[in-house]
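> Spelled out, the chains give:
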Amino acid sequence: MLEVDNIHVNYGRLQALRGVSLSVREGEIVCVVGPNGAGKSTTLGAIAGGVTPHAGRITLRGQSLGGLPPEAVARLGVSLVPEGRHVFGSLTVAENLRIGTFQRRDRAAVAADFERILEHFPRLRERLQQPAGRLSGGEQQMLVIGRALMTRPRLVMVDEPSLGLAPKIVDQVYDILIKLRHAANLTLLINEQSSERVLKFADRIYVMRGGRIHLEDRAANLQDGKAIMQAYFGFADGTGAPPPLSPAPTMKRAAE
Amino acid sequence: MIGFLQNLIDALSLGSLYALAALGIGLLFGILRLTNFAHGDFISFGAYALIVPSLEVTATKFIGNWPWYLTLPAIAALVVLLALLSDFLVFRKLRQASAPTLMIASFAVGYVIQNVILMVYGARPKAIDVWSSLQQQVVIGELRVPQLQLVTIGITIVLMLGLSLFLNRTSYGVQMRAAAEDFRMARYLGVKANFVIGLAFAISGLLAAMVSLLFVSQTGTLSYVMGVPLMLFAFIATVIGGMGSLIGAVIGGFAVGFVSVMCQAYLPEELRSFRDAFVFAIVIAVLIFRPSGLIPTKALVQRV
Ligand SMILES: Nc1ncnc2c1ncn2[C@@H]1O[C@H](COP(=O)(O)OP(=O)(O)OP(=O)(O)O)[C@@H](O)[C@H]1O
Ligand SMILES: [Mg+2]
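First to last, the protein sequences are chains A and B.
Here the first sequence stands for residues 1 to 256, where the numbers follow our numbering.
Here the second sequence stands for residues 1001 to 1304, where the numbers follow our numbering.
In short, the hints are calculated from the structure, not lab data.
Be aware that a few hints might be false.
What the hints assert, rightly or not - Examples of chain A residues toward chain B, derived with CB under 10 Å: (1) ARG18; (2) ILE29; (3) GLY49; (4) ALA74; (5) HIS86; (6) ASN96; (7) PHE102; (8) GLN103; (9) GLN130.
In this text, a Cβ means the ideal position worked out from N, Cα and C, and glycines have one as well.
Sequences are here, hints too, so could you generate the full structure?
Okay, structure coming up:
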């Protein structure tokens, strides 16, 4: 359903994406993994219309997204849950959930979706009238996923859902995402820094580093993690150097 | 005591004008990060629209002669149009521009409006009386209050309630609040950027139109720079209130009106001509203790 074909993105003189291609088929869960600064967020931003590539094509079901503003891409059924959540802190939880539904004409279905989302996120129901800024980090992550789903998207892109959350909460978030995927018939494109968790449920995985895709394969073929390691850190062979504890800052690498 | 009450009503009515003007500025700042210095000139334009365009010194009323229920919407429509036009012709081209660039552009828009007024109406101030029957005083116990002040305060309350209902109860209002807090995220959720911004310009124009009418009926004069001091005080009000917070803008507006009137009333005779200096000194003092204003907004901090 989504084809990203050789896109390039620059921020000033910094080349953030240097020819990125990826594709997502209807109903798939695709994960992009890569270290800090690899260009994962930039890729999702470019698909969502928030960042303009200076070369390359992005098509959704054959329709080009080139030059469309974010609101137009959202209306085509693509919903981005950006890194760092971005709840509207001064709006209530209910208002946050409704913000993406004002463009929809099917009021009855909106009401039904609202109920359905709250069934998946009972914690949000208790806090409907509270300002969203007062929710905990985990609750905010649930809220922004619920909010994205209220737009009735076909493709949901989630940027590092695990960021800043305790592992137990991350498990919950992923459980719900996968449940929702079946319930709402979603296609998912997820960014993560680590491949460990996503290997369990992704259909396909891309490894990105320095603004390029270094590996693409079915998750089933990557379970031992070796190929991912190699692409992730760029060793000549998967066994040589010991993996650093945390991925090195890659500002320089992206700019080289 | 009576004297103080009298001053208090003066302060409320002056504060109302500042608060309305500050709301118009604050709304655009919240959404666009635009400090719209043309707002004062929107106000001047609304006032001049009451008379027949001519260079003559005596003003001939035109829209100003209509019954109030026609004058009000007509002036509102004209100023809203001007506000939308300035977005369409200027600010829309600068969507990616930085806050200082936007501010300078707004100075330019303001100068253009001032000069058009100069060309069409001439430089000399003109006397005009609108709604002079409102100058009559209402006697409440020992208080004598000009009706106009009560009308000003009343209209301000109605507009604020209306705006607050709009922002909190309607889908467009909720979209505007979301856009003011995190514009990019709102767009990712399908909120149309140009529509929300246009709406903000329209409301800001509507508020400016009301200030035009209330202000000329109080002062009875037209001048091509009449909006400038209003804009200045309203801008100060938004800064004291905390740029970007609408409640802050209202509180700031009333605070500036209050300080201004009280300085006028209670400063020793020989210091009164320095009233504005005292007002500014108090403003500076407030900002020293609360650098981000009385009601700081988180949105602002996140964005910078
Ligand atoms: N708005 C921006 N302005 C300038 N440079 C940017 C901007 N956003 C990202 N970059 C740079 O572009 C490169 C790619 O960043 P991006 O955020 O896409 O990486 P990422 O893979 O999402 O990293 P992380 O895992 O840290 O979120 C980095 O070098 C980053 O510093
Ligand atoms: Mg990122």
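> Taking the hints in turn, state whether each one holds.
Verification of the supplied hints:
Taking 10 Å as the C-beta cut-off, the interface hint given for ARG18 of chain A is violated, the closest approach to chain B being about 24 Å. For ILE29 of chain A, the interface hint is violated, the least distance from its beta-carbon to any beta-carbon of chain B being 21 Å, above 10 Å. Taking 10 Å as the C-beta contact cut-off toward chain B, the hint placing GLY49 of chain A at the interface holds, the least distance being around 8 Å. The closest approach between the C-beta of ALA74 of chain A and any C-beta of chain B is roughly 4 Å, which is under the 10 Å cut-off, so the hint is satisfied.
Residue-level restraint check for HIS86 of chain A holds (minimum Cβ-Cβ distance to chain B is 4 Å; threshold 10 Å). Nearest Cβ of chain B to the Cβ of ASN96 of chain A: about 8 Å, under the 10 Å cut. The hint holds. Interface hint status for PHE102 of chain A: upheld, as the beta-carbon distance to the closest one in chain B is roughly 4 Å, under 10 Å. Checking GLN103 of chain A against chain B: minimum C-beta separation of about 4 Å stays under 10 Å; hint holds.
Annotation: GLN130 of chain A was flagged as interfacial toward chain B, and the flag is violated, the nearest CB pair being 15 Å apart, outside 10 Å.
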